[in-house]
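Chain by chain, the residues:
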Amino acid sequence: MSFWLTCGGMLAVTFGSRLAGLTLHRDLPAFWLRFLHFVPIAVFAALVTPSLGGSRGEGAIRVAAAALGGVAAWRTKRLEVAIAAGMTAFWLLRLA
Amino acid sequence: MFRSGFRAMTPLWLGVVPFGVAYAVLARDAGLSLVETQALSVLVFAGSAQVSAVGLFGRGAGGLEIVFTTLLLNVRHVLYGLSLGRRVPLTPRQRTAAAYFLTDEAYGVSVARGARTFAFVLGAELSLFLTWNLATFAGALLGGVIPDPERLGVDFVFPLAFLALLVPLLRRRVDVLVAVAAGALAWLLARSLPGGLPILIAGVAGSLLGALLTSGERE
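For the protein sequence lines, the chains are A and B, in the order given.
When we follow the working numbering, the leftmost residue of the first sequence carries the number 1, and every step to the right adds one.
When we follow the working numbering, the leftmost residue of the second sequence carries the number 1, and every step to the right adds one.
Certain hints may be false.
Coverage of chain B stretches by chain A, computed from C-beta distances (three or more under 8 angstroms per stretch; other residues unrestricted) [said to hold, decoys possible]:
hint : stretch
1    : 35 to 43
2    : 82 to 91
3    : 95 to 106
4    : 109 to 121
5    : 129 to 143
6    : 208 to 215
Here are the in silico distance ranges between beta carbons for each label pair [claimed, not checked]:
hint : chain 1 : residue 1 : chain 2 : residue 2 : range
7    : A       : R56       : B       : R171      : 32 to 40 angstroms
8    : A       : A20       : B       : T10       : 23 to 31 angstroms
9    : B       : S192      : A       : L93       : 24 to 32 angstroms
10   : B       : R151      : A       : V81       : 19 to 27 angstroms
11   : B       : L130      : A       : L5        : 42 to 50 angstroms
12   : A       : T88       : B       : R171      : 21 to 29 angstroms
13   : A       : S55       : B       : A61       : 15 to 23 angstroms
14   : A       : S55       : B       : A138      : 20 to 28 angstroms
15   : A       : P29       : B       : R116      : 22 to 30 angstroms
16   : B       : L43       : A       : A20       : 12 to 20 angstroms
17   : A       : S55       : B       : A184      : 14 to 22 angstroms
Keep in mind that the hints were calculated from the coordinates and are not lab data.
Glycine is no exception: its CB is placed at the ideal position from the N, C-alpha and C atoms.
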């Protein structure tokens, strides 16, 4: 398959996935409404853990820095503060 | 609204720029032209899928294999669409635009900030689209003079950002339980499955668990 045909296929499956959820019928039974309430919680947690450790054997440092970032997020509820706190801790621990 | 959505994403640029540059460098190494490298960022616009695809291109993999891998990595967006579609009213044309530019990050920030308008969502989405494409362009031109993101440690911005989006959502004990279960499951699955699948499986399993545990309650 040529590059452009492959690229078209990638576009189709990606855009299709993105559009499918937005297009589906939204009069849902109560169970699925509760399901959707938990989607961001479950998905965000699933986006955190696999990349928490990194691939350079500095898992302990990253977990410690993430804990600090998590506390910053809890206290301030601000994304940029949590990222700044976590990244600063991470870089400092790396130097130590 | 558009501007506040756009601005809400700026803390993530620190992670997006080096990631976009790194993708472009990998793509050029794999033999893609400047136009092809940029085309994937404009047309597919899915970071992890693009990195996997250029890795497969470089190894001479077939097109079907690449498209199927992309599907596996990106089918999690169905969940984001379902969740976002309930929060933000969209006309059919808005739905198409919102879907085209949808990403983990834009979904996350929109939900966390309680977005109720198309303008906010589109602002958040385009904030990432522009940054990603400019970073792709820079990386494709500059090539290998840039160190890889893991060496700088800026890849760590992404788990940090999703953790920061998650924490304020944990209001009840069942929320914490779902987060711990989904996080643990994703971590286990990520050892053997490609990037997007653990997120989809843990996302569905965690949400099912939450829905089952709260079955006595009213919405």
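Go ahead and decide if the range 20 to 28 angstroms is satisfied by the Cβ distance of S55/A to A138/B.
-> holds, 24 angstroms
Mind checking, does the stretch 35 to 43 of chain B have 3 or more residues with a CB under 8 angstroms from chain A?
-> This one holds; 4 residues, not fewer than the three required, reach chain A with a Cβ under 8 angstroms.
Verdict for T88/A, R171/B (Cβ pair) under range 21 to 29 angstroms = 28 angstroms Cβ-Cβ, so the 21 to 29 angstroms window holds.
Count the residues of the stretch 129 to 143 of chain B whose CB lies closer than 8 angstroms to any CB of chain A, then report whether that count reaches three.
-> It is violated: at least three residues are needed, and the stretch 129 to 143 of chain B offers just 0 whose Cβ sits closer than 8 angstroms to chain A.
At the C-beta level, are R151/B and V81/A separated by a distance inside 19 to 27 angstroms?
-> holds, 25 angstroms
Are there at least three residues in the stretch 109 to 121 of chain B whose beta carbon sits under 8 angstroms from a beta carbon of chain A?
-> holds (count 3)
Should the hint that S55/A and A61/B are 15 to 23 angstroms apart at their CB atoms be regarded as holding?
-> At 22 angstroms between Cβs, range holds.
Okay, the stretch 208 to 215 of chain B and chain A, do three or more residues pass the C-beta test at under 8 angstroms?
-> holds (count 6)
Is the gap between the beta carbons of S192/B and L93/A within 24 to 32 angstroms?
-> holds, 29 angstroms
Test coverage of the stretch 95 to 106 of chain B by chain A using CB-CB distances below 8 angstroms; three residues minimum.
-> holds (count 7)
Can you let me know if the beta-carbon spacing of P29/A and R116/B is within 22 to 30 angstroms?
-> holds, 23 angstroms
Three-residue Cβ test at 8 angstroms for the coverage of the stretch 82 to 91 of chain B by chain A | Satisfied; 6 residues make the cut.
When each numbered hint is compared with the structure, violations occur for hints 5 and 11.
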